[in-house]
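S.K.: Those protein sequences? They're chains A and B, same order as listed.
Sequential numbering from 961 applies to the first sequence in this note's numbering.
Sequential numbering from 961 applies to the second sequence in this note's numbering.
Fair warning: there could be bad hints in the mix.
Identical copies look the same in the list; a pair holds intra-copy or inter-copy alike.
To be verified - Below, a list of computed lysine to aspartate or glutamate pairs in the DMTMM-like style, where the Cα atoms sit at most 25 Å apart: (1) 1250 <-> 1270; (2) 1165 <-> 1031; (3) 963 <-> 1017; (4) 1068 <-> 1251.
Worth flagging that the hints you see were computed from the coordinates, not collected in a lab.
Protein chains: 2
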Amino acid sequence: MYKEKTAQAVDILNEFDIDLWLTFVRETHTIHDPGLDFLCPASLTWQSAIIISRSGEKTAIVGNLDSAAVEETGIFDKVISYKSGIAEDLTGYIESKNPDTIAINYSKDNEMADGLTHGMYLILKNYFKDTPYADKFVSSEHVLSALRGRKTDKELKRLKIAAKITNDIYAEVTDYMEAGMTEKDVAEFILNKVSKLGLETSWDKATCPSVFTGPDTAGAHFGPTDRKIERGHILNIDFGVKKDDYVSDMQRTWYFLKKDEKEPPGSVKKGFEVLLGSIQAAAAAIKPGKEGREIDGVARDYIVEHGYDEYPHALGHQVGRAAHDGAALLCPEWERYGERPYMKIEEGQVYTIEPRLTVKGHGVVTIEEEVVVTKDGCEYLSEPQTELYVIKK
Amino acid sequence: MYKEKTAQAVDILNEFDIDLWLTFVRETHTIHDPGLDFLCPASLTWQSAIIISRSGEKTAIVGNLDSAAVEETGIFDKVISYKSGIAEDLTGYIESKNPDTIAINYSKDNEMADGLTHGMYLILKNYFKDTPYADKFVSSEHVLSALRGRKTDKELKRLKIAAKITNDIYAEVTDYMEAGMTEKDVAEFILNKVSKLGLETSWDKATCPSVFTGPDTAGAHFGPTDRKIERGHILNIDFGVKKDDYVSDMQRTWYFLKKDEKEPPGSVKKGFEVLLGSIQAAAAAIKPGKEGREIDGVARDYIVEHGYDEYPHALGHQVGRAAHDGAALLCPEWERYGERPYMKIEEGQVYTIEPRLTVKGHGVVTIEEEVVVTKDGCEYLSEPQTELYVIKK
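Let the hints inform the model, and build the full structure from the sequences given.
M.R.: See the structure below:
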């Protein structure tokens, strides 16, 4: 996987006309640059430079005690080991290549491409202060965003497996749940399944799964509580698993029938249908070349036009090694999203579509699907939810 | 623990004459600022500001979907929730406090205080570009280093428990090991113990434990291999456990007797005695007010004076929530250590002491002890190794 992705990186450097891509890190076990997930599996303790050139040369400059493990990866053409300090080897290497542009690992807009800490940036600038290269640093955000976003077949396969496992667990949850159980009961059931499969959750266990039952819950990003499932509740779950380093991120919605109900009340059915419609409309609009804000707008308008409040977040984000995999987002033009609403959708990217709406007195309807962008549209990564799951127990 | 440490932070702000301490982060599940371990247990998705003032006010400004979980922590006097963007709330809050100095979360010398990414730094500077506060940012490294370093009684208790568990596992390893086993066999035995105790290792499992047997091994920071333990080998292990968020980091050394040996050969015994002597000399030299380079020099000189090569790394680092816990180091004046050799040792800090030396033809002798700095010296956190562990099997 590392060899495949570093080879892909060389193509991207040529596409974007970048001579060298320098990823500058230290103590990666503590502060982990997400870009390293494609560049080097070994932990790097001291100041370390991972350098890829447009000619295809892959070089690592690392502290002496790290060099054996880095060589062992087989990724690098050259591993330079230093004892006292990296400055001489690093500046010497760059001078020998004499690049016009050096992309370095920071980004304002994409946190997944922003692994360079400010302290490390100051150190790097200082090393190059008396050289012509100090003015040649640019952000590597476009390089890394393209590399993260454009999934290889191997990556897609892993993402599909993670999504399938998630759907399978949701099917078991449907059989398991009954009124009277707490949100925590449901979360525990899911975590046990994950643990038995020998997997990890896609993000912190404290909120993965998130389980929300009934009206007036805490909103997203809050852990399961002791609140009991009551008949008449809408319940939703947000959850995903990590399998072979790739994750899923999917939401599903259930309704618990009251004793005298044969089917969910009209308001719940309508809420579900509108939400489903907004997802299908968004999915139909996705294709390479569109901007994320256009897709967000399709779902947001659909929901508002049907009489519901707009969702207070983005429609969807990319998924890959991380549940929030960075760069282009399906999001509105809000300050907090910076340049991301305007980024173009590309073939091979994987996005979530996850609108939400509230049905008064019952709870929140939310579905989160994952889609992969194809040449002229998109495909679901796994079976989508097309009917409200109704529970009688 | 969070309340205890944030209260300690207020005292430190007053000690260092800092008006506000601002920790600026986003997507903390992906890029985790180590300083958050003392400030906020909740995951923060969008741009978020954790602000502590010298008057004792603790404020969080976070995205709307994160605010319930942040309020739930009970740490903050005020949680400000935003939807579109943080800029207005953040600049408004700072203006209302009108501070002379704002410490922010970056550091050149201490990676454990360098959680602000360069992209986030640029964003922050931009928010304040038309205000008088843009010139009032300073590094929070001294604040956070003091907070990390000065362990409370509760923290010390946890560190001692982690060290004790590590020593207990080492005792079981001594009973278990025999010639013919591989480094991987030994590592697996240790990882099973850790797993049975429901604990995690202190750092990546791939190199925790590290196991090195015999001469010409890969050096530190390399995972266990299929190399077999032979009689006449010196074997060393580097390992630690995380218990209740606090870790240990300790090394031990064994010798495997040859069939005809009653005791280790003279060269091995001498190597062990010299190494032990260097640790005891360093421990005797530690006290508040000394600089780390002085202590490193004591051990380094001791080893060189006894005819061995100096170790190619620092003598010791701090331990706490992380195995490499940042700031002051017991290290030589090498470029890669920046200002750290000159930092002063303080009461309540916990350091490792971990020299190494090679005994030709047998392997590497290395012991790593943990000590806590007291008012006028230091104490071992757990039982130190004072005799070479000799195995006949």
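S.K.: If a hint holds in the structure, say so; if it doesn't, say that too.
M.R.: Here's how the hints hold up against the structure:
1. Only within a single protomer do residue 1250 and residue 1270 lie at most 25 Å apart by alpha-carbon distance; the minimum there is 22 Å, versus 61 Å between protomers.
2. With identical chains, the CA atoms of residue 1165 and residue 1031 are at most 25 Å apart between copies only, with a shortest distance of 19 Å across copies and 34 Å within one.
3. Taking the closest pair of Cα atoms, residue 963 and residue 1017 come within 25 Å of each other only inside a single copy of the chain (12 Å); across copies the shortest separation is 50 Å, beyond that limit.
4. For a Cα distance limit of 25 Å, the shortest separation of residue 1068 from residue 1251 inside one copy, 19 Å, qualifies, whereas the shortest one across copies, 38 Å, does not.
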